[in-house]
Amino acid sequence: MSKWPKPYPLALLIALLAILPVGVLVSLASDSAQLFDTHNLRVLGNTLALVVLTIVGSVIMGVPLALFTAYVQGPLKKLWLVLLAAPLALPSYIGAFAMYFSFGRGGEIESLTGVPTPAVSGLWGTALIMSLYTYPFVMMTTRASLLSQDASLVNASRLLGLSLWRSLWRVVLPRASNSIAAGALLAALYALSDFGTPAIMGLDTFTRVIFVEYNAFGLSQAAMLSLQLMVIVALVLFLESRVGGATERPGRHLTLWPARWQYFTMLMSFLPIVAMAIVLPMAIFMVWLVREGTGGFEFSYAWNSAYASFLAAIAAVVCALPVAHAAIAGKAGRLMERITYFGFGVPGIVMGTALVYLGLQLPFLYQTLALLVVAYVLRFIPLAVGSIRTTAENLDASMVKAARVLGASPREAFMRITLPLSLRGMVAGAALVFLEAMRELPATLMLGPTGFETLATYMWRVYEAGYFGRAAVPGLLLVLLSGLGLILMLSGERRAEFTLSEDERR
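With the UniProt record's numbering applied, the sequence shown closes on residue 506, and no number is skipped along the way.
It is worth saying that the hints were derived from the structure and are not from the lab. Treat the hints loosely; a few may be bogus.
[Said to hold, decoys possible] Subject to a maximum C-alpha distance of 25 Å in a straight line, what follows is the list of computed DSS-like cross-link-like pairs (lysine-lysine):
| no. | residue 1 | residue 2 |
| --- | --- | --- |
| 1 | 331 | 401 |
| 2 | 6 | 331 |
| 3 | 6 | 401 |
[Unchecked claim] With beta-carbon atoms standing in for the labels, derived distance ranges:
| no. | residue 1 | residue 2 | range |
| --- | --- | --- | --- |
| 4 | 290 | 74 | 27 to 37 Å |
| 5 | 5 | 38 | 51 to 61 Å |
| 6 | 177 | 268 | 53 to 63 Å |
| 7 | 423 | 26 | 36 to 46 Å |
| 8 | 465 | 290 | 46 to 56 Å |
| 9 | 290 | 424 | 37 to 47 Å |
| 10 | 286 | 423 | 30 to 40 Å |
Every residue, glycine too, gets a C-beta built ideally from N, C-alpha and C.
Based on the provided sequences and hints, a complete structural model is requested.
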């Protein structure tokens with residue numbers, strides 16, 4: 001019988017902890033008799049309608065922007081890529097908060113300009129905001145596919161008489177259909193799991209109703225709704241796993257040099273998207289900051305966010321190390337890694353419901369910072385696992401073998417060679433976990449210790465109290481942190497593009 005690799009026992013333990021919330025929810029939901037009723041069906045209808053509208057909106061916005069950023073050459077091309085990808089890094093509740101208090105009768109836009117505007121709320125308002133903050137999923141996945149396509153087929157279709165737009169429609173986009181579908185399914189997952197935007201917009205989706213049941217001490221019904229939501233999430237994840245990537249050999253991609261007026265027209269058509277998703281929230285928060293100053297904001301809230309997120313980042317990296325190395329060691333390890341990804345697909349509100357019940361059974365954990373950190377780790381450990389595994393896979397195995405030949409023990413070789421060389425991936429994974437934990441709203445609301453306010457929860461409190469002007473400082477700080485996340489994401493893309501160009505030259 002072959003001996004298990006050393007990372008396996010710890011990786012198995014972490015994988016079991018990752019699926020613990022499911023067992024907790026099943027146990028808790030067994031006390032609920034209401035599997036489906038009229039209210040549940042209405043919530044299901046609202047949730048599915050939001051998902052469908054989000055998919056449609058994100059595709060309508062994302063595909064043209066992918067074509068523009070991939071093929072069109074012009075001034076400030078890199079700047080436009082950053083601006084158009086920026087909503088991906090922003091939590092959608094930032095946009096929901098700004099738009100809810102900006103539009104409609106008595107909103108900030110009417111107060112500042114005197115121009116009446118329609119209210120942004122309900123299903124259509126929620127779908128608009130979701131589309132604005134999820135279209136980058138479609139844009140980035142589609143763009144990656146477009147950059148890998150060889151332009152020779154487009155050139156051939158042009159020689160055969162097709163116009164440029166018909167060539168794009170009939171030759172380019174069908175080859176990118178899988179990538180478009182993958183981005184659309186990511187947008188659907190975001191719409192299913194988001195709590196802040198439907199709650200602010202007043203739309204009864206699963207996430208909002210689960211939180212209402214939790215506040216009404218209906219943990220059993222909240223667990224039942226959580227399991228129903230998880231079934232939908234699992235279905236979307238299954239569909240996402242069945243969507244294959246591009247299989248064609250990368251080639252020199254298409255390059256378009258439009259006339260100046262054409263380039264300007266394209267920019268003007270995309271400008272409303274940037275204005276609604278980025279400029280408007282920033283402008284509104286700045287207006288509130290000038291008008292009300294720091295208000296009742298205490299910078300201890302920022303410290304609380306940073307402290308809890310830092311603990312989660314360190315814990316996530318420590319837990320991710322054995323999982324990442326187990327995934328490299330064999331098939332069983334890869335299965336354990338896939339299990340840990342479960343937490344990233346579970347909405348924060350669902351994770352919070354499960355861990356609240358677990359905390360009630362273990363009073364020494366209930367409403368403690370430790371339980372909140374556990375929630376962060378279970379939710380975001382895949383970010384750390386992915387970064388560490390990618391770095392570890394690229395290490396030269398001959399260095400470890402040489403150390404063993406020179407007399408180093410396996411532990412010494414790991415500590416002196418593998419671990420230091422994996423440091424870059426560990427730091428990147430910790431940074432991603434830190435940024436995501438800083439922005440997490442529902443799990444923090446449900447699991448944070450009494451009186452423990454973070455940037456995200458403080459914004460929620462001022463929304464509930466109607467003191468929206470006090471959201472300026474936390475809102476701007478969250479935008480700044482999201483900008484750091486965007487820099488990390490785009491720096492990774494630049495490294496990928498550099499690798500691709502090097503391969504092409506070879």
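The hints, checked one at a time:
no.	hint	result
1	331 / 401	22 Å, holds
2	6 / 331	14 Å, holds
3	6 / 401	17 Å, holds
4	290 / 74: 27 to 37 Å	35 Å, holds
5	5 / 38: 51 to 61 Å	53 Å, holds
6	177 / 268: 53 to 63 Å	29 Å, violated
7	423 / 26: 36 to 46 Å	40 Å, holds
8	465 / 290: 46 to 56 Å	21 Å, violated
9	290 / 424: 37 to 47 Å	41 Å, holds
10	286 / 423: 30 to 40 Å	38 Å, holds
Consistency with the previously given hints fails for numbers 6 and 8, ordered from lowest to highest.
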